[in-house]
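K.L.:
Starting from the given sequences, assemble the full structure and let the hints guide the process.
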Amino acid sequence: MKQCTRIEIVVEQSVSGQVIDLLHKVGAPGYTLIPDIRGEGDRGTRRGDELAGDSSNCLFIIACDDDTIIESLKAGLRPLLSRSGGVCLLSAAEWLRH
Amino acid sequence: MKQCTRIEIVVEQSVSGQVIDLLHKVGAPGYTLIPDIRGEGDRGTRRGDELAGDSSNCLFIIACDDDTIIESLKAGLRPLLSRSGGVCLLSAAEWLRH
Amino acid sequence: MKQCTRIEIVVEQSVSGQVIDLLHKVGAPGYTLIPDIRGEGDRGTRRGDELAGDSSNCLFIIACDDDTIIESLKAGLRPLLSRSGGVCLLSAAEWLRH
Amino acid sequence: MIDTFLSNLSSPPLLFFFLGALAVAARSDLEIPNQIAKFLSLYLLFAIGFKGGVALAVAPFDTQIVLTLGAAMVLSAVVPLYTFMFLRNRIPIADAAAIAATYGSVSAVTFVTATSYLDVSGISWGGHMVAAMALMESPAIIVGLLLYRKYALTDGDDDDSFSWSQLLREACLNGSIFLIVGSLIIGWITGPAGMSQISSFIQDLFLGVLCLFLLDMGIVAARRIKDLRNAGSKAMSILITMALVLPLLNAMLGLGIASALDLDEGDALLLIVLAASASYIAVPAAMRLVLPQANPGSYLPMSLAITFPLNILVGIPLYHALVRWTL
Amino acid sequence: MIDTFLSNLSSPPLLFFFLGALAVAARSDLEIPNQIAKFLSLYLLFAIGFKGGVALAVAPFDTQIVLTLGAAMVLSAVVPLYTFMFLRNRIPIADAAAIAATYGSVSAVTFVTATSYLDVSGISWGGHMVAAMALMESPAIIVGLLLYRKYALTDGDDDDSFSWSQLLREACLNGSIFLIVGSLIIGWITGPAGMSQISSFIQDLFLGVLCLFLLDMGIVAARRIKDLRNAGSKAMSILITMALVLPLLNAMLGLGIASALDLDEGDALLLIVLAASASYIAVPAAMRLVLPQANPGSYLPMSLAITFPLNILVGIPLYHALVRWTL
Amino acid sequence: MIDTFLSNLSSPPLLFFFLGALAVAARSDLEIPNQIAKFLSLYLLFAIGFKGGVALAVAPFDTQIVLTLGAAMVLSAVVPLYTFMFLRNRIPIADAAAIAATYGSVSAVTFVTATSYLDVSGISWGGHMVAAMALMESPAIIVGLLLYRKYALTDGDDDDSFSWSQLLREACLNGSIFLIVGSLIIGWITGPAGMSQISSFIQDLFLGVLCLFLLDMGIVAARRIKDLRNAGSKAMSILITMALVLPLLNAMLGLGIASALDLDEGDALLLIVLAASASYIAVPAAMRLVLPQANPGSYLPMSLAITFPLNILVGIPLYHALVRWTL
Ligand SMILES: Nc1ncnc2c1ncn2[C@@H]1O[C@H](COP(=O)(O)O)[C@@H](O)[C@H]1O
Ligand SMILES: Nc1ncnc2c1ncn2[C@@H]1O[C@H](COP(=O)(O)O)[C@@H](O)[C@H]1O
Ligand SMILES: Nc1ncnc2c1ncn2[C@@H]1O[C@H](COP(=O)(O)O)[C@@H](O)[C@H]1O
Ligand code: NA
Ligand code: NA
Ligand code: NA
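Residue numbers (my numbering), protein chains in the order written: chain A, 35 to 132; chain B, 35 to 132; chain C, 35 to 132; chain D, 10 to 336; chain E, 10 to 336; chain F, 10 to 336.
Because the hints were derived from the structure by calculation, they are not lab data. As the structure is a computational prediction, the values presented were derived from the model and not from experiment. Be aware that a few hints might be false.
Stated by the list, open to error - Think about it this way: if two alpha-carbon atoms lie no more than 20 Å apart in a straight line, the pair counts; the simulated DMTMM-like pairs of lysine to aspartate or glutamate are: (1) D:K235 / B:D76; (2) A:K36 / C:E105; (3) A:K36 / C:D76; (4) B:K59 / E:D236; (5) C:K59 / B:D76; (6) D:K235 / C:D55; (7) F:K235 / A:D55; (8) C:K108 / A:E128; (9) D:K235 / D:D38; (10) A:K36 / A:E128; (11) A:K59 / F:D236; (12) C:K59 / D:D128; (13) B:K36 / A:E105; (14) B:K59 / A:E128; (15) C:K36 / B:D101; (16) A:K108 / B:E128; (17) C:K36 / B:D55; (18) A:K36 / C:D55; (19) A:K36 / C:D101.
To be verified - Pulled a few chain E residues facing chain D out of the computed Cβ check, cut under 8 Å: (20) P21; (21) F25; (22) D38; (23) V129; (24) L214.
Stated by the list, open to error - Away from chain F, derived, C-beta distances all over 10 Å, residues of chain C: (25) V49; (26) G61; (27) R81; (28) I103; (29) I104; (30) A126; (31) E128; (32) L130.
Note that CB positions come from ideal geometry on N, CA and C, so glycine has one too.
P.N.:
In C-alpha cells, the structure reads:
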C-alpha cells in the first residue's frame, strides 16, 4: 500500500483528447476513462444526446503519487476547465500495489 | 483549490429522475451522472439487462461546498434509499476551481 | 452515517467475473460495477474496441465497513492485479445508511 | 401432432433460442450488446404494431372484434385475482401481488413468435389481436397493486408513497406499450399505402430479427435458470410449479373464451397465447417503481426462465393442437 | 394544397415524429438508445450520400449543376451575415454568431425527409443536390466564427486559443459531413454497378429507418421544448420569433435562386429546404469546440425544437406549393 | 490481372474501408459506436454461418470435403509452429507465441470479404468452407499456448495459473466462434426452408452491412498504424516484415494444399484466404486470458493494421490470379 492522490476530472467528451494529451505531457502514470456520461452544471445540462447537438461528458480517474506531476496537471487543466467547463476533484487514497 | 464534500450516490436507474429533481430542489451546484451501470446488494443483482426485466443502476457524483445543501440532500435521499435501495457515500475532497 | 472504506478497482473487463467471484467469496456487502470503460497504464491503451482485439476495463466500487473482509479482498486481488494489470485504490468515506 | 412440435422446434427462431441457452450452459461469452437487444425489441414492437394497424385498416371493427378486445381485458384482470388468492398465504404478499400482475399481463415476444408460427404455417390472423395484446398489458398491473394495497396495508404503513397518477403512468405509458399502441394507430391511419412504403423494412426483415432477438432471450433466460438454482429456497418449488401450471391453466381459460366467441383458428391461438404468456418487461419495470417491496428474484425467473420457453417451445404447438381439436 | 399538407402529415415518418413528441408530453419512458440513434443517422447519411453519388455518375455535371452548387455555398455564407447583424445587439454576441452559423448551415434529416417526400410523390430530383447539401454544411461555421472574432474581440482577449486549422477541421471534417461526402464519392465511383450490390440495404430500408429516426427526433425535440419553457427569459421571445421567421425568410431566398437558375421542381424544392433548414449536429459540435462561449441552450432549441418540426411538418408542402406556383 | 485488382479496389466495401482509414488520417471524428460495430460483426457471423449451413444441407459431405476440413485444421496447427520457431529468439517469447497463434488462426471478415468477392464475380463456393473457417479458429490458440509453455517455463514459474479447461473454453467457446458454428448447424438443420424465411435479412443486406463494417475496420486499422508509429522499436521492423511476409507464405501453403486436394476455384481461393489471414478478435481475446504476458501492442497491429488490409486489398485478387494460373 502506498499513499497517493486520486484525481477525478469531468470534462466535455469533445475535449477528452486534449486531456489525454495533457496527461501524456505531464507524465501521468496512467488513467481510467469513463466515456459518454451526463451531467449538469453552470453551462447547462449535458444529456449526451449527440444527435440533438447535446454533448456528453467524460470522467477521468488518475492515481498519482508524484506531486510534481500533480502540480503540472493542475496547471494544465485550469485553462481547459475555464474554457469548456467541468470539475476536478482531488483526494487522498491508498494504492494497492500489485 | 477549495475544500468540498464529494457525494456519490448509487440508485436504480428508474429513480434517477427523482434524484435529479431532489438535486434541483436542494440547490446542488451541479452533478455528474453515469447511467446504465450494474451492481449487487441486498436487493439482488442488477445486471442492467432491461429486456430481461432486470434493472440498471446509475451513479451520481456531486461536489458541494455548502453544508446546508448537503444536509437537505441527505434528508431527501434517505426515504428514497430505504424504498428502492442503493448507497450514498460522502468523503472530503479538494476542488480545483477554474 | 457510518465510517467505511471505499474501495475502487479497475481491471480488464474479461476478468470482471473473477472479481465478482472474489467479492462473493470474501463476503463483500455489495458492489457497483461500471462496465466497458477505457484506460491506459503499463500494459498499453485499452480503447474498449473489442473488434480490434482491444480490451475494455471495468470499474468496481465497494463500500465496506468490515476490516477482515477488506483484508481478504486485498489479498485475493493482488495476484489478479499482477497477472492482468489494473489498479486498486482505498479511501475513507462516510456511508449514509438508509 | 408430434410433427407440429418438431417442425416448431426446428424453425430458425427457436433454434436460435436454444443456441443462446446453450451458450450460457457452455459458458461461452457470446452476448448481444444491451442497446442492440433493446433496438431489436423496439423493432419487433414497431413492426408488429404497424402490421396490426394496417390489418385493422382494411378489415374494420365488427361486434366480434369488440367482444374479443373486451374479453382480452377481462382475462387480464381476472387472472391476477386467482393467482394472488392462491399465493398470498404461501409467499410474501408483495411477491404474490407481483406474480399475479406478471401472469395477468402478456409477453409481446411470445405473441410475436406465435404470429410468425401462424405466418409460416399459412394461417391467417386478425390485426385486432395486436390491439388485444396492447390492451392486456396494463390491467393486470393495476389489479396486482390494488390487491397488494387491500391485503397488505391493514397496518397503514407505506401508504403515503402511493399515487394513482404514478400507477397509471407506469401501467399504461411504459415505453413498450406506448410504442406498440402508437405504431398500431399509425399503421391504422396510413393503411396499405403506408405499408407499401415500409414493408421491406417491416415484413422482410422480421424473422431474421426475431432469430437474433431470441438468441438474446435464450442467453438471458438461461442466466435466470442459474439464478433460480442459487436461490434454492422452500418457496422456490412453489414458484417453479406455478410457472409451469399457470400458463396451462390460463391457456385453458383463453381456449374457453375463444370457443365461446367462436374465434377463427389464428385468432383463437393468439388469444390463448396471450392468456398463457407472462410479462417480463412492462410488469417488472412498473413493479420496481410502484411495488419495490416485491423481490424481482421471484417473479422474473418464473416468467422469463420457465414460462417463456415453455410457451414458445411446447405451448404454441400444443395450444394449436387443442384449438384444432376443439373448434 | 390543403391536400398536400394532409397527405404529408399522414406519411409514416412524420406520424412517428408526432409519436415521439407525444411520448415526452405523456411522460412515457419510451427512448431510442443513443448508440442506435447514432447508427440510424449514420445509415441515413450513408444511404443518401451513396444514392446521390450514383445519380451523379449517370447524369454528370453540367453548367446548371455547377451554378447550383455555387449558389448553395453562397447562400450558406450569406444567411449568417444578415442573421448576425440582426441579432448582435439583441443577445450576447457569441450566441448571435452561433445562431447565425446554425441557420446558414443545413439539417441533413430535413433534406432526407424532403427527398422521401419527393420519392413518394414520384417527383425526380438530382443527385447533385446531395453534394449541394454537403457543401452547405461548413461555410456558415467559418463565417459565424469570423463574425464573432471581428465584432467581439476588439478587447483582444481569448485570442490565443484560436487556430485556423482547428476551425477548418471542425467545420469540414465533422463525422457526419465526412461520411456524406465520402459516400457520395464512393457512390459516384461505383455507379449503378455498386448500387445493384447494396440497393436492398440502401433503398428498401430507407423509409423504415427514417420512421424510427424521426421517432427519436420527436422525443429529443419535445424535450427541448420543455427546456425552452424552463429558460423563459426576455431574449427567449426574440429567439422563438427568429426560429419561426428565419426558415421562411431563407426559404424565400432559396426560392429566388431556384427560379433565377430555372431549377426543376424537385431540385428547386430541395434547395429551398436546404436554405430553410438549420443545423443541429455539425454546427453545435463545432461551436462547442471553437466558440465555447456561446450557450447551446439558445441555438439548439431554436433549430431542433422549432425550425426542424416547422420545416418537416408545414414547410415542405408549403415550399412545394410555392415552387409549383412560381416556376 | 490489373483489371481484377482495380475492380476489387473499386467495390463498395473496400472503398468504405479506405474511407474509414482516411477519416483517421484526416483527423475526422467519424466513428461507429462500439455496440453497433459489435452488432454488425455478429450479423456477419450469423449470416455467413447460416448460409454455409444451408449450402451444406443441400450438398452433403463427401470425401473431398472431409479432406478439406482436415487439411484446414492441420494448416491452422502447423502455421504457428514455424512462425514461433522463427520468432522465438528475436522477440519476447510470450509475444512470439501470441503472434504464432494469431497467424495460425483466421479472420472471419477477410473470409467474408472473399466470399462476397466470389459472389459478385459469379464464382461458386461450398458451404463447407464456412465450417473450415470455424475449425481453423481454435487449434492455433492451443498450439500457441503449448509452445509457450514448452519453451518459456523451464524455470517453472507462473505454472499454477494454467488450466486446460480455461484454455479450451477460451479457444473453442469464444462468442464469435460459438455464433458461427451455431448458425452453421442451424442453417444445416433448417436447410432451404429455413433460408426462405430469413433470406431477405441474411442475403439482401449482406453487402450493405459489410460496407459499414469495413468502414469501421478502416478506422480501427488506421488507428493501429498510428500506434505502430508510436512504438517504433527495433523489434518493430521484424514485426512489420513478418506481417507482410507471413500472409504470402501461408497463402502459398494454402495454394499447395488446394491443388493437392484439387479444389474448385472458389473453394481454393477461400482456403488460401483462410491460410493467409490472421485473427484479431478470437485470438487476442483468448491471449489476454491465457497468456496475459504477451503484449497486445505487438500482435494486434500486425494482424489488424497490416495483414488485414494487405489481404483484402491486394491479397484476394492476387491469390485469385494464382489459383487461376495454377489449377
Ligand atoms: N458540483 C458538481 N458536481 C459534480 N459534477 C459537476 C458539478 N458541476 C459541474 N459538474 C460536471 O461538469 C460538467 C460541466 O460543468 P459546467 O462547466 O459547470 O457546466 C457538468 O455537465 C457536470 O457533469
Ligand atoms: N456495499 C456496496 N458497495 C457498493 N455498492 C453497493 C453496495 N451495496 C449496494 N450497492 C449498490 O447499490 C445497489 C442497490 O443496493 P441494494 O439496495 O443493497 O440492493 C446495488 O445494485 C449496488 O449497485
Ligand atoms: N495511475 C493510474 N490511474 C488510474 N488508472 C490507472 C492507472 N494506471 C492504470 N490504470 C488503469 O488500469 C488499467 C490497467 O493498467 P496497467 O496494468 O498499468 O496497464 C489501465 O488501462 C487503466 O484503466
Ligand atoms: Na397472461
Ligand atoms: Na440553412
Ligand atoms: Na491464418
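K.L.:
Which numbered hints are broken by the structure, listed smallest first?
P.N.:
Per hint list: 12, 14, 17, 18, 25 and 27 violated.
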